[in-house]
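Novice: Given next are the chains, with one letter for each unit.
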Amino acid sequence: MNAGALLQVNDLVKNFGALRATDHVTLDVQPGEIHALIGPNGAGKTSLVAQLSGHLPSDSGQIFFEGQDVTAMPTHARVRSGLARSFQITRLFKSFTVLDNVALSVQARSGNSFSFWRPVQSEKTLTAQAMAVLHELGLQDRAQDPASELSHGEQRILELGLAVATQPKLLLLDEPMAGAGPVESERILQLIQKLRAKVAILLIEHDMDAVFRLANRISVMVNGALIATGSPQAIRLNPQVVAAYLGEEHA
Amino acid sequence: MTGILLLEQALNGLQFGLMLFLLASGLTLVFGIMDMINLAHGALYMVGAFLTAWLVQLTQSFWLGVVLAVMLTAVVGMLLEATLLRTLYARDHLSQVLATFALILIINESVRMIWGSDLPLSMPKALSGPVELLPGLRYPSYRLVIIAVGLVIALLLYLMVTRTRMGAWVRAGASNREMAMAMGINIRHLFTGVFGIGAALCAVAGAMLGPLLAVQVGMGENILILAFVVIVIGGIGSVWGAFVGAILVGFVDTLGRTLLPMLFRELFSPQFASAAGPAVASIAVYLLMAVVLFVRPQGLFSGR
Amino acid sequence: MNHKTPFWVWGLVLAGAIALPLFLHARGMDFYVSMLSRMMIYGIAACSLNLILGYGGLVSFGHAAFLGIGAYTVGILITEGVTNGWVGFAIAMGLSALVAAIIGAISLRTRGVYFIMITLAFAQMIYYLVNSIKAYGGDEGLNIKQRSDFGLGLDLKNDVTFYFVVLFVLVLSLVLISRIMASRFGRVILAIRDDDVRVDAIGFASYRYKWVLFVIAGTLGGLAGALMVNHQNYVSPNLMHWTQSGILMVMVILGGVGTLTGGLWGALVLLILEDVLAEYTLHWQFYVGWFLLAVVLLAPKGLAGLIRRKSTRKGGHA
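Protein chains in written order, with my numbering: chain C, 1372 to 1622; chain P, 47 to 350; chain L, 47 to 364.
It is worth saying that the hints were derived from the structure and are not from the lab. Some hints could be false.
Distance windows between CB atoms, simulated [unchecked claim]:
| no. | chain 1 | residue 1 | chain 2 | residue 2 | range |
| --- | --- | --- | --- | --- | --- |
| 1 | P | Arg137 | L | Arg155 | 21 to 29 Å |
| 2 | C | Phe1583 | P | Ala128 | 53 to 61 Å |
| 3 | L | Lys203 | P | Asn268 | 33 to 41 Å |
Yeah, the Cβ is synthetic: ideal placement off N, Cα and C, and Gly gets one too.
Generate coordinates for the entire structure from the input sequences, incorporating the hints supplied.
Specialist: Dropping the structure here:
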């Protein structure tokens, strides 16, 4: 148990029948750090994130957030505590405008939403805060467009924005740049840089350049188990890691 | 005395359950493989019953009438699939509900226009008498035949699904349609075939139950609900689940209607018992479904 | 209100709705006034279903149960001598809310087709239970000797008076639904329709919102039922048969899922179609069936989708 860790994962196990997706995983994320999680496809990274966010129940092990045991806590409660997630496959509110997508995230953390009479569009504060987030994301010009009309790259940015707008203490980012073109990928990278120190991040990513640029620490996952954790330099030189993963990926 | 009654009701439950299985198996395959809610499935059951009644009158032979009716219904089913239902596979469940609901109206009225609201259908004379199974237990031979037919078809279905190539395709399609297509299985023909078999099974059930339950317009709606309950309990897409579910539902419904009022009379005051007994008996099946869904939301044998 | 349709159009429609019964009454055509009342009542019922079906994306196949509960509550109360409309309607709506709360609490734990099935099962349970209550008619139904008494000098037996009462409730319901869907709560509901997993992931307990919506819809359905038993002076368990739930769904889908007045238009069109066709042929259901089929195949967004032009939906307000 690492004292002071924002997120502490202890001995997490998840089986899908005969397949061990999460094999006694123990890791931690320190406040303010960017902790990258890399590994070959199918290594179980997304399953791990799903357990951390509360979308998938674990078979055994514990998850602590800010010292509190959240292993059995439902997703929405974890988000309220400050543990938010973005998705590898974009999940936006397609029938909403870009602005309203973000405004919903803002609404989630501002006050009671069991309000039935007052039109939500009249809440200037919500709209203003949402626009501020859009400015950060660089999407302010697309505010009134339906989210479904964004390009794939812009959708990935918005995807990230939805999680950020909940003002989390820790972000679980599942391949935020997946499918985004070079311009959008760079923008996402910049956004993550800006978040550094304010928000702790557990980052799953395949783009090795991005990983080595951003990460304070890197953990490597193969077949559901963590085989190494350390600084980027240490990981680069670790023979096990090179053999299992970096060798193929660094093409 | 009560033992005989129990046995008799159990046999009735088995008989009803087997017929439910015929309906449910087609329904679960269509739902499992094509992901389509087909409310008109009960209408095919009705069409099968009406065709049987009509053809039996024409041919003056019960079994010939049944066989012809089953074949005709299968053809009707396949035509329906190839023309209309095929366009619904890609649509959302709501559209499927609306379209197949419309189909019920059309088919019901068409039958009414052709034959009127009901047709007489009686069981073959040779089978109208009882058989003494055990000392004191006389059971209608017709119902025994239904049980036999049901079991034989269940066995044939089992063999088909597990031993034949078509069965393998069906199982593949049920678990992963895209993969099945990628492996070169002609999905369109498979779907039409599955639907045709489903329709034929409906017709058998309609033909067999016709003499017992009366052949009339609207007979499909009542039994359709039970068929849906069966596949939800058994697990969508699973033929074995449909079998277990159907037998369960058959037993619970039949035995419930006889035993629960009796039980209530033993335990409660006569007024309460006479009101509550039949009421609880009629909802027993739905209570069963609610319990199953609570404990195992995807059904007992879901492949998903 | 729907931001695309300007206020003056609604004003015109309302003016027409007020003038029509007076016009018909002057011509001695009270029968048609009564018919219109019936259509509006179904409109209220369909709009209540539209809340969970259209806006919530929850395909509930047991909504007719709430109509039945509302209708039977008022019917039984009147039979037992409690004719005060305020009391009767309040209890009817309260009971509907309670039953909706229970059914919702259990059903909303399931998804997709299982949700459809379990709502259906509950509705069937209620249908059979009511069917077995011989004291209040059983399967033959319950006749009531008089209509609800609301005081205020309103005689509900008068077709025109009854029409205006129903119109009032309809307008109130639409205003209520409109405000709810434009509120914070409504935005969460619309988001749930798009992706309820994501809604959880930004910090809303989506289950609770679905549940509240379900209770509201059930309550409104109960209100429609209370009006219905008054209109027919009769209620039977058939009101709760699953095919009735199907008809309500058809009305919602026909009029346009997720639009404010879709349910109303769907109810009007379907019932007018039924009445007109029934004049000409015994087999009117045949033609209605083909009509519905045509709508599904040719107008996927319902009739409202045919009329409405494609435009950006601002504020997530469909």
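Novice: Quick one: which hint numbers does this structure break? Sort them smallest to largest.
Specialist: none
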